[in-house]
Amino acid sequence: MDLDGTLLDGKAELPAENARAIAEAAARGVEIVIVTGRRYHSARAIAKELGCDAHLIVSNGALIKSAAGETHYRQLLPAVTARKVLEATVEFRSCAGVIFDRPFARQVVFESVDWDGPFVGAYLRTHRQHVAEIDPLTGCLNEEDPVEILFLDDCTRINLAKKTLEALPMADEFTLALTEYPYRNLSMLDVLGRGVNKGAALAELTRLRGIPRENVMAIGDNWNDREMLEYAGLPVIMGNSVPELKTFGWSVTLSNEQAGVAAAIDKHVLRIR
Numbered sequence: 001m002d003l004d005g006t007l008l009d010g011k012a013e014l015p016a017e018n019a020r021a022i023a024e025a026a027a028r029g030v031e032i033v034i035v036t037g038r039r040y041h042s043a044r045a046i047a048k049e050l051g052c053d054a055h056l057i058v059s060n061g062a063l064i065k066s067a068a069g070e071t072h073y074r075q076l077l078p079a080v081t082a083r084k085v086l087e088a089t090v091e092f093r094s095c096a097g098v099i100f101d102r103p104f105a106r107q108v109v110f111e112s113v114d115w116d117g118p119f120v121g122a123y124l125r126t127h128r129q130h131v132a133e134i135d136p137l138t139g140c141l142n143e144e145d146p147v148e149i150l151f152l153d154d155c156t157r158i159n160l161a162k163k164t165l166e167a168l169p170m171a172d173e174f175t176l177a178l179t180e181y182p183y184r185n186l187s188m189l190d191v192l193g194r195g196v197n198k199g200a201a202l203a204e205l206t207r208l209r210g211i212p213r214e215n216v217m218a219i220g221d222n223w224n225d226r227e228m229l230e231y232a233g234l235p236v237i238m239g240n241s242v243p244e245l246k247t248f249g250w251s252v253t254l255s256n257e258q259a260g261v262a263a264a265i266d267k268h269v270l271r272i273r
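In our numbering, the protein residues as written are 1 to 273.
These are calculated hints, taken from the structure and not from any lab test. In this text, a Cβ means the ideal position worked out from N, Cα and C, and glycines have one as well. Fair warning: there could be bad hints in the mix.
Here are the simulated distance ranges between beta carbons [said to hold, decoys possible]:
#, residue 1, residue 2, range
1, 204, 269, 18 to 26 angstroms
2, 268, 132, 40 to 48 angstroms
3, 269, 13, 18 to 26 angstroms
Please work from the sequences and hints to get the whole structure.
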C-alpha cells in the first residue's frame, strides 16, 4: 500500500481502523508492504506505528529495505545522468533537490532552501536534520550516485518541468514519477534510474519472497502508483484517487479520510464485510 493519500489521512496520520485491519491481516500471515515515494527514514517512522513487520519499498521503487534497515534492492540514478538533468533544468533549480541513500545527515541536498516557502520549505521543515545546502547543486554529485532528483512546487510549474524533462535528448536515461495533489496545488516529480518504478520493485520483492502476483493486493491513489496497481493481481483504488486511475475498471474503496485501506482489507483479505 501507498502512504500519502492512501494509508494516511489528510493530516498525514494513521487512522486507527487502518492499523487494526493491517494488524489482523498480518496475524493471519499476510505480508505487509509499504510502497511509497517517501524516503526510507520517513516511511520507517510510519511502519513503526503498524505494530507488525513490514517491508518498505521507498523512493518510488528505487530501494527495498526492511524495517531494521537492511537493503534488499537498490537501483540508483547514475551521477552522470543526474548531472545532465540538473544542467538542463536550471530554471527549476529553486525547487530541485537531490536525495541520497545515507544513514542520517545530508540525505536531501538543495542548492538553497527558503525555509518559509509554501512548497520546498514546508516539505523540508520537518526533515531539517537530513538536509544540506550546496551551491551549485551539481557539487553534491562528486561522491556517489543519488537515489533520485526531486522537483517540488505547484502543479503548473511541475508539469512544465515534466514536459522539459520529457523533451530532453537523453530522456531514455531516466524514469519520471509524478505525484499530484490538485486540491492542495502541490506536485512532486521524481527523476529516477531507468526502469525504476513501484511496480518493478514490487515484482522484485514478490520474486524474492516466492509470492505469485495473483496473491498480491495493491492499494494506491496517485499517478506514481499506476505500475504497482497494474502488477498486482488485485488492484484497489482509493476513493480520493486522481480521477484518471478510476477509468481502468479496478476496485474502488473508500477515501483516505474514511479509512479506505481498512475497508479494502476487510472486504478482500479478512472477508468480514
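Checked hints:
Roughly 22 angstroms separates the CB atoms of residue 204 and residue 269, a value that falls within the hinted 18 to 26 angstroms. Checked against the hint of 40 to 48 angstroms, the C-beta distance between residue 268 and residue 132 comes to roughly 43 angstroms, which is consistent with it. The hinted window of 18 to 26 angstroms between residue 269 and residue 13 holds, with their beta carbons roughly 23 angstroms apart.
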